[in-house]
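Produce the complete structure using the sequences and hints provided.
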Amino acid sequence: NAGVTQTPKFRVLKTGQSMTLLCAQDMNHEYMYWYRQDPGMGLRLIHYSVGEGTTAKGEVPDGYNVSRLKKQNFLLGLESAAPSQTSVYFCASSRGFMEAFFGQGTRLTVV
Amino acid sequence: ILNVEQSPQSLHVQEGDSTNFTCSFPSSNFYALHWYRWETAKSPEALFVMTLNGDEKKKGRISATLNTKEGYSYLYIKGSQPEDSATYLCAPLEAGNNRKLIWGLGTSLAVNP
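Protein chains in written order, with our numbering: chain A, 13 to 123; chain B, 1169 to 1281.
Hint data in this document are derived by calculation from the structure and do not stem from the laboratory. Careful: at least some of the hints might be erroneous.
A few chain B residues that don't get close to chain A, going by computed Cβ distances all over 12 angstroms [said to hold, decoys possible]:
| hint | residue |
| --- | --- |
| 1 | Ser-1186 |
| 2 | Glu-1224 |
| 3 | Lys-1226 |
| 4 | Gly-1228 |
| 5 | Glu-1251 |
No more than 20 angstroms apart at the CA atoms, straight line, and that leaves these computed lysine to aspartate or glutamate pairs for EDC-like [said to hold, decoys possible]:
| hint | chain 1 | residue 1 | chain 2 | residue 2 |
| --- | --- | --- | --- | --- |
| 6 | A | Lys-21 | B | Glu-1213 |
| 7 | B | Lys-1225 | A | Glu-111 |
| 8 | A | Lys-82 | A | Glu-64 |
| 9 | B | Lys-1226 | B | Glu-1213 |
| 10 | A | Lys-69 | B | Glu-1262 |
| 11 | B | Lys-1268 | A | Glu-111 |
| 12 | B | Lys-1268 | A | Glu-42 |
| 13 | B | Lys-1210 | A | Glu-111 |
| 14 | B | Lys-1268 | A | Glu-71 |
| 15 | B | Lys-1268 | A | Asp-74 |
| 16 | B | Lys-1227 | A | Glu-111 |
| 17 | B | Lys-1226 | B | Glu-1251 |
| 18 | A | Lys-83 | A | Glu-64 |
| 19 | B | Lys-1210 | A | Asp-50 |
| 20 | B | Lys-1268 | A | Glu-64 |
Covered stretches of chain B, as calculated for chain A (at least 3 residues, CB under 8 angstroms) [claimed, not checked]:
| hint | segment |
| --- | --- |
| 21 | 1212-1222 |
| 22 | 1272-1279 |
Predicted model only: the values in this text are computed from it and were never measured. Here a beta-carbon is modelled for each residue, glycine too, at the ideal position from N, C-alpha and C.
As structure tokens, this is what we get:
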């Protein structure tokens, strides 16, 4: 049982480049989330999804887009990366209000 | 949106000490409270999910209580061990159709052997 898997684990981008982070879960969870974690700040919600085909904005959605075409996958896109998007990104999934399961994180550096 | 405060921000204890942390949140619009443990270089892992006023949960040496009327939860660690060193996060869950966790900044615990 893999749980929540994020790819890639590390990435360095140049300013203006685009990329997609993939989150996959095998627990049949309805809810999926993308967070970013920066020093001195708590986990901040970027976007989330309450089911296949639905997405919603979180606290810090600007500069990111998401898609949930399949229940098990939640993609986070950066169309034009900026140094301010240097962060550690975590994906999580949950069944309703139950405990959230996290991926191992993606460390992204934008230079 | 719920505002979450955790105290203390950090804590250093000796092996064998018992300790506790506080999570405060507005009592209105509450649905559930999550506690997570986050070790350095790893991902957060759930400890407890609590919903009812007066709930008490226990996992080994770690336990938690919940007071939804006054808006706080306590996490207790009995006989701290070095492997308990981590950041402990609480996250209340909003009521409503699009429920999402609101994360505190955490309490960073260091247990010295």
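20 angstroms Cα cutoff - pair Lys-1268(B), Glu-64(A): The hint holds at about 17 angstroms.
20 angstroms Cα cutoff - pair Lys-1210(B), Asp-50(A): Roughly 15 angstroms separates the two Cα atoms, so the pair holds.
No chain A beta carbon within 12 angstroms of Ser-1186(B)'s: holds (25 angstroms)
20 angstroms limit on alpha-carbon distance, applied to hinted pair Lys-1226(B) and Glu-1251(B): holds (18 angstroms)
Distance restraint between Lys-1226(B) and Glu-1213(B), which requires alpha-carbon spacing of 20 angstroms or less: holds (15 angstroms)
Distance rule for Gly-1228(B), whose beta carbon must clear each one in chain A by more than 12 angstroms: holds (17 angstroms)
20 angstroms limit on alpha-carbon distance, applied to hinted pair Lys-1268(B) and Glu-71(A): holds (11 angstroms)
Lys-69(A) paired with Glu-1262(B) [C-alpha distance capped at 20 angstroms]: holds (15 angstroms)
Satisfaction of hint between Glu-42(A) and Lys-1268(B), Cα-Cα up to 20 angstroms: holds (13 angstroms)
20 angstroms limit on alpha-carbon distance, applied to hinted pair Lys-82(A) and Glu-64(A): holds (6 angstroms)
Within 8 angstroms of chain A's CB atoms, at least three CB atoms from the segment 1272-1279 of chain B: coverage verdict: holds (count 3)
Pair hint outcome, Lys-1227(B) versus Glu-111(A) [Cα-Cα no greater than 20 angstroms]: holds (15 angstroms)
Going through the hint list in order, the structure satisfies each hint without exception.
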